[in-house]
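Read top to bottom, the protein sequences are chains A and B. Sequential numbering from 175 applies to the first sequence in the numbering used here. Sequential numbering from 175 applies to the second sequence in the numbering used here.
Treat each hint with caution, since some may be false.
[What the hints assert, rightly or not] Covered, in the sense of this in silico footprint (three residues per stretch, anywhere, with C-beta under 8 Å from a C-beta of chain A), are these stretches of chain B:
(1) 179-189
(2) 294-300
[Stated by the list, open to error] As a list, the in silico BS3-like pairs of lysine-lysine whose alpha-carbon atoms are at most 30 Å apart:
(3) K258(A) - K210(A)
(4) K270(B) - K258(B)
(5) K321(A) - K208(B)
(6) K210(A) - K321(B)
(7) K321(B) - K208(A)
(8) K208(A) - K258(A)
(9) K210(B) - K321(A)
What the hints contain is simulated information worked out from the structure, not anything from laboratory work. Cβ atoms here follow ideal geometry from the backbone N, Cα and C, with glycine treated the same way.
Number of protein chains: 2
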Amino acid sequence: MDEPRWLDAAQQRDWRAYVDGSIRLNEIMDRDLKSKHGLSLPEYEILVRLSEAPERRLRMAELAEHASQSRSRLSHTCSRLESKGLVVRGSCPNDKRGVYAHLTDEGFAVLERAARDHVRTVRAFFVDVIDPDDLAAIGRAFTSVVKRIAEEN
Amino acid sequence: MDEPRWLDAAQQRDWRAYVDGSIRLNEIMDRDLKSKHGLSLPEYEILVRLSEAPERRLRMAELAEHASQSRSRLSHTCSRLESKGLVVRGSCPNDKRGVYAHLTDEGFAVLERAARDHVRTVRAFFVDVIDPDDLAAIGRAFTSVVKRIAEEN
DNA sequence: AGAAGTTAGTTGAATGTTAAACGAGGCCCT
DNA sequence: AGGGCCTCGTTTAACATTCAACTAACTTCT
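Make a model of the complete structure from these sequences and hints.
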């Protein structure tokens with residue numbers, strides 16, 4: 175039965191502030207991108223990762239990993255992005271199972287415009303409202319979290 | 175055209191660590207609750223808020239606010255919870271438009287069991303892998319974020 | 001009182017996500 | 001070569017979420 179170690183009051187307060195804030199922050203980002211650029215946050219994330227990759231393309235599995243999405247979800251989302259003309263999929267020369275997702279010029283253009291607004295929102299609701307030291311702490315903390323989760327598997 | 179203030183390298187790193195970590199953390203929590211207790215994370219959140227309310231009940235709008243969900247979403251989710259027998263809805267004496275969501279005894283029992291596992295997961299992947307000072311920083315930071323978002327409207 | 005405007009909550013349709021199953025190709029071993 | 005096993009990406013159907021429309025009830029103003 176084994177009683178768990180419950181969080182103390184301060185830990186609980188901090189954890190909840192995070193849970194709450196992160197949900198609301200997500201909503202804001204999503205709403206903002208959708209209304210101004212017709213992109214959902216996950217779609218935006220995909221475009222970002224592609225834009226940073228060499229030749230602006232990535233294998234589906236890599237892209238899924240970078241964008242923290244399931245493969246299935248990525249597959250669906252890419253289909254949508256493809257039908258909007260922001261991404262094209264092509265086959266992979268050395269591995270015939272493989273598929274490259276490639277950011278189109280239009281995709282890049284949309285992303286460039288979206289990123290301008292996005293960074294303003296990130297500042298307005300996150301970076302510029304918190305202490306720089308706290309931002310660094312967040313960076314450290316979530317880097318540990320990501321590492322911990324990666325180890326799990 | 176008004177060039178935005180882009181994030182510097184450190185800010186970008188920290189922001190991304192957070193985005194990445196929070197997505198993955200959510201997935202872990204959700205998967206864990208689902209597999210062990212048949213609850214999604216949003217469902218769990220609803221039960222928690224109800225359990226803490228006086229008489230274990232809240233008006234739909236308050237509950238939506240506490241659980242950071244849209245009213246529509248809450249309505250659907252509550253229907254599901256109701257059909258599982260974890261929640262019942264009843265009418266509100268003074269405001270006839272109003273509806274109370276009320277945690278059932280079974281809902282409370284399910285929550286109690288789920289919470290034990292949940293806190294372990296929260297510790298294993300979050301609280302116990304980060305520095306206590308960083309946790310405090312997270313608390314401060316996201317409290318500001320929530321406040322900032324609340325002011326927006 | 002009663003018209004106009006607000007707020008509470010739900011609904012249904014469109015959209016997005018998840019979970020499981022699948023086909024196709026690669027890899028390794030004998 | 002070919003059997004067994006793994007990975008790649010997609011597909012389908014079930015499920016959850018969003019968005020806009022809606023009813024009912026409260027409020028305000030005259």
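Against the structure, the hints:
1. 179-189: Since three or more residues must qualify, the claim that chain A covers the stretch 179-189 of chain B holds, with 8 doing so at under 8 Å.
2. 294-300: Coverage by chain A holds here, the residue count being 6 at a Cβ distance below 8 Å.
3. K258(A) - K210(A): Measuring from Cα to Cα gives roughly 16 Å; hence the hint holds.
4. K270(B) - K258(B): Cα-Cα ~26 Å, so holds.
5. K321(A) - K208(B): holds (23 Å)
6. K210(A) - K321(B): holds (24 Å)
7. K321(B) - K208(A): holds (23 Å)
8. K208(A) - K258(A): holds (14 Å)
9. K210(B) - K321(A): holds (24 Å)
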